[in-house]
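Work from the hints to combine the two standalone chains into their complex.
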Amino acid sequence: MRRVVILGGGTAGTLLANSLDHARFDVTVLSRSSEHLFQPALLYVALAHADPRIVRDERRLLSRRVKLVQEQVERVDLLARRVHARGAFHDYDALVVATGARADPSQIPGLSEVAARFGNYHSGVAPAQKLWAALDAFRGGTIAVGQASPICVCPPSPLEGVLLIDRLLRRRGLRDRSRLVFFTPHPRAYPAEAIDEIVAPLLKARGIELRTFFDVDRVDPKSWAIGSIEGERIDCDLPVIVPPFAGAEIAYEPASVLDDDRFVHADRNSLRIPGVLGAFAVGDAADLPTSKAGAGAHLQAMVVAEQLAGREATFDGRTHCAVDLADGTGTFVVSSYASPAVRYPPSRLKHLMKMLMGRVYWLSLSGRFEPLFDRYFHWTAPERLGASALRHAEKAAARSGS
Amino acid sequence: MADDPNRRLIDARGKACPGPITDLSLAYRRSKVGDVFELWATDPGIRPDLQAWAKKTGNEIVSVEERDGAIVAVLRIRAR
Ligand SMILES: Cc1cc2nc3c(=O)[nH]c(=O)nc-3n(C[C@H](O)[C@H](O)[C@H](O)COP(=O)(O)OP(=O)(O)OC[C@H]3O[C@@H](n4cnc5c(N)ncnc54)[C@H](O)[C@@H]3O)c2cc1C
Chain R
1 MRRVVILGGG TAGTLLANSL DHARFDVTVL SRSSEHLFQP ALLYVALAHA
51 DPRIVRDERR LLSRRVKLVQ EQVERVDLLA RRVHARGAFH DYDALVVATG
101 ARADPSQIPG LSEVAARFGN YHSGVAPAQK LWAALDAFRG GTIAVGQASP
151 ICVCPPSPLE GVLLIDRLLR RRGLRDRSRL VFFTPHPRAY PAEAIDEIVA
201 PLLKARGIEL RTFFDVDRVD PKSWAIGSIE GERIDCDLPV IVPPFAGAEI
251 AYEPASVLDD DRFVHADRNS LRIPGVLGAF AVGDAADLPT SKAGAGAHLQ
301 AMVVAEQLAG REATFDGRTH CAVDLADGTG TFVVSSYASP AVRYPPSRLK
351 HLMKMLMGRV YWLSLSGRFE PLFDRYFHWT APERLGASAL RHAEKAAARS
401 GS
Chain Z
403 MADDPNRRLI DARGKACPGP ITDLSLAYRR SKVGDVFELW ATDPGIRPDL
453 QAWAKKTGNE IVSVEERDGA IVAVLRIRAR
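Quick note, the sequences are listed as chains R and Z, same order.
Sequential numbering of the first sequence, starting at 1, is according to our numbering.
Sequential numbering of the second sequence, starting at 403, is according to our numbering.
Hint data in this document are derived by calculation from the structure and do not stem from the laboratory.
C-beta atoms are modelled at their ideal positions from N, C-alpha and C, and glycine is treated no differently.
Partner residues are not named here, just some residues of chain R that face chain Z (Cβ under 10 angstroms, in silico): (1) Glu193; (2) Phe213; (3) Asp316; (4) Arg318; (5) Ser335.
Chain Z on its own, in the form it takes in the complex (with noise of 0.2 angstroms):
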């Protein structure tokens, strides 16, 4: 999946304000249905704010984890 055409890697880390939600949305405004998205971000409150996102726009959160100190989420695209 990592070669996966579709995948679009949005690096947020170390963002100051307004944050990394602004380059999700940025993303997703340019998104198709299909679309992974792997957003790597330094600040813990995209957690709650991907959740909030993904049951408002009907996309999916594939993972969330954490990996060299920052969180790194696949979303999918299925909606929009």
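Here chain R stands alone, though its shape is the one from the complex (with noise of 0.2 angstroms):
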């Protein structure tokens, strides 16, 4: 039997292991922990006080075919086919990793000052919960909201969680007494232009304040003042801070496959690790020109799997990525590499899947609704809602011209 080995049991490594056709492969997850979190649901334990029962076992996502085996990965081999975790190593015939993103404070100086007094919602329950705790002490001040880095696992999350907090105050009454900044190194609120014309208005409308192309350089620890490259400052008394993210601390031979955030080199459409045999990388450990989200880890599982079952399988580097309003309605990032993000009106159906998310998530690492996925997908691509925008505008344009 062909040895697979995949690692990191998230949302990539989970719905991958459970695919693969289990008489035919002997499927081996390396994961540091046993336990899988759902990581949307950050959000809303940090900035809403939602149940913190956000994490299953692992061993019961997966198959019971599919041997699980809790280590950390400390090396990879990628010439002689073998994973160094600690203590023991694993020989492969294909590899894939799977080992997502971290958040990383310690890149920007204060950051992690700011992580141990405030906590965030991008790096486990624990520092959502610090967050929240927070929040609900708040009576009045300035919040600042926004992402430390470019690179951002979930890039509208930012966004949300500004919008969220505003929702917060405005229910606590708080909202006349407090400012509320956010703030961005893209050039506008979201870098995709169709989603900007509709968050962008939102901002303004709710009062909230927005400095574009502030890439954080440094907090102050003491005052918690934030200041960035572009020599801009923002004084805050509690700052919402999303950590810069950089890849999984494994070292790899060749060396040459990561990047300078230690994420993995992999090919935009075959997903392989060029210059090596045998070996993948998805989801948020990969370097790929797109988001960093659970929709395309989804998607990218799959294509791996495909590939490993000898069926021709590209990605199209397609987002599929909930954004949350915060006032009942909801849209999505849809784009992929032939697309740009194509403006999808919110309404609150779509907040209403997000929300569903929470427990279809569990079912989909599964892989056994996997042809419902697909037609999802399918039935969304941005070519389509791309397409139908224009019908309904020039069939809105029309009217307003007769």
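Structural data, given as structure tokens:
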């Protein structure tokens, strides 16, 4: 049997392991943790005091025929096809790197202090609960929300953060006593224009100050003032900062497969790690020119599953990131390598779908619902949505013209 | 200038969301005064973004041209 070793038991690793033909492949998942966290819910644990039980036992999510070894991977020799974990090694015929991205506040001076004092919603349940405690205790002043670096897991999450905090302050009658600032390294509230057209007016309407081209350079650990490379500064009482992200601390041979942030190079379509045999990188761990988000991790896992089964499959760069607009509606950032993000009008249904994802997620990992997901992604392809948006616009124009 | 050791190639062709401006911010973060970036992108939205970026950051757009179906911008870091 061909030995498939999967590094990381998160979204991509778990779905892939379950989707392979276990009669043909001997599948091993090596994961640092035996717990599987549904990351999107961290947003609500931190900003809406949601139920923190968003973790499940990885063993129970994996097919009984998949071997799970709880180990921290330390070194991967892609030439000898051997994975070194703490105390053991594993040889493989095919390797899939799915170790995700980790929040790394140490990259920016002062950010570790921010994380220690206020927590954040991108690195686990405990930091998310810490952030909730800070928000819960807030009685007025300035809250600054934004991402510290251009690389952000789930690119809409900083925006969702500021919108949810605005809602919280309104509900608590604290909004008149607080200033809310949203900063971003991008030229506008959201880098993709079609989404910016939706969110920029919302920020304005809700009185949220927007600071663009703000690349965080340092945070003063005494005053919590945030400074940017561009030489600007935001004074605040409560910094809610999405830390920079980096790939897992695993050494690779050859080291050239890693980029500056320890993400693993992969061909944007085949997801193969270039220059070596039988190795792929998927999900947040891969250095792909698309968003780091769950839908991409899901689709990439399936592309690799198909290839391992001997069928042709390519990844088209598809994104499908939910955006909670904090007013009971939501939208999705839908794009691909070939199509920039399309205008996808916000609706209650889309928000409901995001909320349902909390349940659907655990089922999706089994791989048994793949035909449904396949249809869903097909009907919501950016080309299809783009064409229908155009038709609507034309109809509206014809109506107003007549 | 092609073999300028301080010149850094940023290939953002065919980039999906969040787009080429992310690569530029990332390179800017790691740059020093005097560095030159050669940015390749296919998203036409990069043109106005570059203008806004240069204005805001005080960096220089040396040239912007079309080559092999892509937009190629040469940028010099003057401030940070
Ligand atoms: C606040 C927030 C909101 C989000 N919202 C959304 C959303 O609405 N929609 C969406 O699509 N996505 C969303 N995401 C993103 C989504 O959760 C991730 O993109 C997705 O989980 C990535 O899957 P992955 O398999 O690549 O990595 P992960 O699921 O992170 O899994 C990585 C695995 O690797 C293991 N690992 C790491 N290092 C090692 C090592 N050295 N040795 C062994 N094992 C290791 C980890 O233990 C883990 O099991 C959100 C994320 C956050 C933080």
